[in-house]
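K.L.:
Given chain U, put chain P in place with the hints provided.
Protein sequence lines, in the order shown, are assigned to chains U and P. Those letters in the first sequence? Residues 1 to 162, per the working numbering, in order. Those letters in the second sequence? Residues 163 to 663, per the working numbering, in order.
Everything labelled a hint here was simulated from the structure, so no lab data went into it. It is possible that some hints are incorrect.
Here are the simulated DSBU-like cross-link-like pairs (lysine-lysine), alpha carbons at most 35 Å apart as the crow flies [unchecked claim]:
1) K592/P <-> K453/P
2) K402/P <-> K546/P
3) K414/P <-> K546/P
4) K130/U <-> K542/P
5) K447/P <-> K266/P
6) K447/P <-> K546/P
7) K402/P <-> K266/P
8) K542/P <-> K111/U
9) K402/P <-> K447/P
10) K592/P <-> K546/P
11) K546/P <-> K130/U
12) K542/P <-> K453/P
13) K592/P <-> K37/U
14) K148/U <-> K130/U
15) K130/U <-> K111/U
16) K111/U <-> K592/P
17) K111/U <-> K57/U
18) K402/P <-> K414/P
19) K546/P <-> K111/U
20) K57/U <-> K414/P
Here are a few chain P residues that sit away from chain U, every Cβ distance over 10 Å (derived from the structure) [as the list claims (entries may be wrong)]:
21) I165
22) Y180
23) P263
24) G459
25) T513
26) K546
27) P557
28) F650
Note that beta-carbon positions come from the ideal geometry of N, C-alpha and C, so glycine has one too.
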Amino acid sequence: MASDRIFGLVTLITAVAYIAAATQIQTNFFSGQYLPKLFPFMIGTVAALSALVMIFKPDPEPEWPSSRAWINMAIAVAVLALYSIFLKPLGFILPTAFAAGIVSYQISPRKLPALFSGVGLSLGLFVLFKFLLGLGNIVAYRIPTPAKLWEAISVLIPFVGH
Amino acid sequence: MDILANLALGFSVALSPYTLMLAVCGCFLGTVIGALPGLGPSNGVAILIPITFTLGLDATSALVLMTSVYYGAMYGGRISSILLNIPGDEPALMTTLDGYPMAKAGRAGDALVLSGVASFVGALLATIGLMLLAPSLARVAFLFGPAEYFALYLLAFCTLGGMASNNQAKSAIAACLGLGIAMIGVDTSSGLPRLTGGNLHLYDGVDFLVAIVGLFAISEVFLFIESHGKGSSIGVTLNKVRIPWADIFSTKWTMLRSSGVGFIAGILPGAGASLGSFLAYTTEKSIAGEKGGFGTGVPKGIAAPEAGNNAAAGGALVPMLTLGVPGSGTTAVLLALLMTLNITPGPTLFTERPEVVWGLIASLLIANFVLLLMNVPMVKIFVKILTVPAWVLLPGVTMVSFVGIYSLSGSYFDLLMMVGFGVLGYILRKLDIPTVPVILGILLGGNMENALRRAMTLSDGDVMYLFSSPIAIGFWIAAIAGFVAPMFLRKILTKPQAIKG
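Isolated chain U, as found in the complex (with noise of 0.2 Å):
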């Protein structure tokens, strides 16, 4: 019921959002004056509509995990978005290792399984895409300057990052 009406609620928002920024889409002669926002237009609108259903007729509530394993995916999802960036001024051993073992001990929570999942993962995908599929832009390892690490960092940060 609840989780319903409040997707339906996002839903509506960012469809009345999208409509409104597809009214600020920039057209020229070689488009025509209103066809790029026609499409936008559409999709917003039954978008909406939609979300308006889903407002007013939920369906049953479905079954959310606990809260534990809520903060379980919270850690594995931070784990994920670092390793995003830092897989390239880092290298491959390194973040993979890390990633795939917390990853797996977020899965099942025992510490010798996960270490092992985390070092064989890293070591045995790398020999498998690097010198078996030959994949050209995965590095072992890269020793980053600390500008370069900054900048990866820095996409973290609101208004800084780019």
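P.N.:
Same frame as chain U, but now just chain P:
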């Protein structure tokens, strides 16, 4: 005899030792992917696309590899259905109904072999159907103008939405989400950015592979974290595997009928393999009646859904190749593959690049035989692989996803976006909002908008132009019916679990 000549062309492309090796690798990998709980044809193929692309295979080799994976995953889905009572993917759900009881009764080996044969029959007949039907449909599709295409895309969203969720509004939201994302980026006609919020990373638009891998693969990881990877131990023992000739022989008509039903279900835009296996199972159940014992572990209850879903997988290729409209989540992923390889499906594909189409069809036939040979004697190996624990499997899937996307673009932004799509996918799945329309929206949004724009340009802005031909009107009616009908049907039938997301 056109078909034979074309098929000869296809085999000349697909039957080199190198492509055969790719087919064998693909079939093996696909069966493993299909068998592993939590991985199915759609997310399995999705995480492999970026890697295949970076390997620099040419179009035919990449197609052979990925279609082998696709068919392999359809075959493999049955293994975990039968042994674990956990379908590896949605279409394999119906197989659990009779497969698991049969396995518990000590006939796991028979069930696996029988389902393998049924898969083979379904897939083979569907590939033949594809050969016969696709070229003529491609000829019809030449008649389609922008108005017809717009209505056809709409039809795909409506029928898919009608089937994919219990709530039409939720399907519509999912489709809008995908279409809305597809609009982001530089508008090709004006050369000006649209809806990017000034973010330079978004000028190229959102890569559909990022969205697919995020929604299908990364979200799976969150579901496993939530459930702590429970329920992946084999509850039944596998006895000696032999070929149950009597069962195979007694289910021959079931297999043939189910293949037909599945193939037709697969062709319907948006319906796909889940509907195929569901319809095949219910048809056979009603033919057998009360005495048939469906649900207690009868051979027909295994043969029907397996023949049905593999036939539907082949049938779904018909609209995907001829019209560029995928019939299911997995074919949407295959469409993504074609688009990555710079192949645009549609009627012109058949005339301009026959070697791609017929090479693909030939590789499907090859994959089928390879899979039959591989699945009957080697089924024990696949069963072993099922014992890989979730705490290794899921981190592995995650890392493969990251490497794939990273090797495509080398951009942290795409990786972050993929994590974002993973979170979104988790929330959508919890709320019973289907994710396949989102993917379809991102894939087809550009084409659908182009069709609309061309229609508006041709007609000087007259909306009635969209309804100006009988074909277009037919699509509109079918679209509305496909969207509305499930609402009423749902009240009559109790919704089977098979169609749930």
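K.L.:
Evaluate each hint against the coordinates.
P.N.:
These are the hints, each one checked on the structure:
With a CA separation close to 38 Å, the supplied pair K592/P and K453/P exceeds the 35 Å bound. Taken as a hint, the K402/P and K546/P pair is honoured in the structure, with Cα atoms around 14 Å apart against an allowance of 35 Å. A distance of roughly 30 Å separates the Cα atoms of K414/P and K546/P; the hinted pair therefore holds under the 35 Å criterion. Among the hinted pairs, K130/U with K542/P is consistent with the structure: their alpha-carbon atoms are about 31 Å apart, no more than 35 Å.
For the hint linking K447/P to K266/P, the alpha-carbon distance of about 21 Å falls within 35 Å, and the restraint holds. Between K447/P and K546/P, the direct Cα distance comes to roughly 32 Å. Compliance with the 35 Å bound is thereby established for this hinted pair. Proximity of K402/P to K266/P is assessed by CA-CA distance (about 14 Å); at most 35 Å being required, the pair is judged to hold. Proposed proximity of K542/P and K111/U is supported: the alpha carbons are some 31 Å apart, at most 35 Å.
Taken as a hint, the K402/P and K447/P pair is honoured in the structure, with Cα atoms around 29 Å apart against an allowance of 35 Å. At roughly 31 Å between alpha-carbon atoms, K592/P and K546/P fall within 35 Å of each other, so this suggested pair holds. At most 35 Å may separate the alpha-carbon atoms for a hinted pair to count; K546/P and K130/U meet this at roughly 27 Å. Distance check on the hinted pair: K542/P and K453/P sit about 33 Å apart at the alpha-carbon level, within 35 Å; holds.
A hinted pair counts as satisfied when its Cα atoms are at most 35 Å apart, and K592/P with K37/U qualifies at roughly 33 Å. Annotation: proposed proximity of K148/U to K130/U holds, straight-line Cα distance about 24 Å (limit 35 Å). Distance hint between K130/U and K111/U is fulfilled; the C-alpha atoms sit about 28 Å from each other, no more than 35 Å. Of the pairs offered as hints, the one joining K111/U and K592/P holds, with about 29 Å between alpha carbons and a cut-off of 35 Å not exceeded.
Pair hint K111/U plus K57/U does not hold up; C-alpha atoms about 46 Å apart against a cutoff of 35 Å. For the hint pairing K402/P with K414/P, the CA-to-CA distance comes to about 24 Å; that is within 35 Å, so the pair holds. At most 35 Å may separate the alpha-carbon atoms for a hinted pair to count; K546/P and K111/U meet this at roughly 25 Å. Proximity of K57/U to K414/P is assessed by CA-CA distance (about 47 Å); at most 35 Å being required, the pair is judged violated.
At roughly 37 Å, the least C-beta separation between I165/P and chain U is larger than 10 Å, which holds for a residue marked as non-interface. For Y180/P, the shortest C-beta to C-beta distance to chain U comes to about 16 Å, beyond the 10 Å cut-off, and the non-interface label holds. Its beta-carbon lying about 27 Å from the closest one in chain U, P263/P satisfies the requirement of being farther than 10 Å from that chain. For G459/P, the condition that its CB be more than 10 Å from all CB atoms of chain U holds, with the nearest at approximately 30 Å.
For T513/P, the non-interface assignment is confirmed: its Cβ lies about 29 Å from the closest Cβ of chain U, beyond the 10 Å cut-off. Interface exclusion of K546/P from chain U stands, the closest Cβ pair being 18 Å apart, more than 10 Å. Listed as a non-interface residue, P557/P fails to keep its Cβ farther than 10 Å from every Cβ of chain U; the least gap is roughly 4 Å. The Cβ of F650/P sits about 16 Å from the closest Cβ of chain U, beyond the 10 Å cut-off, so the non-interface label holds.
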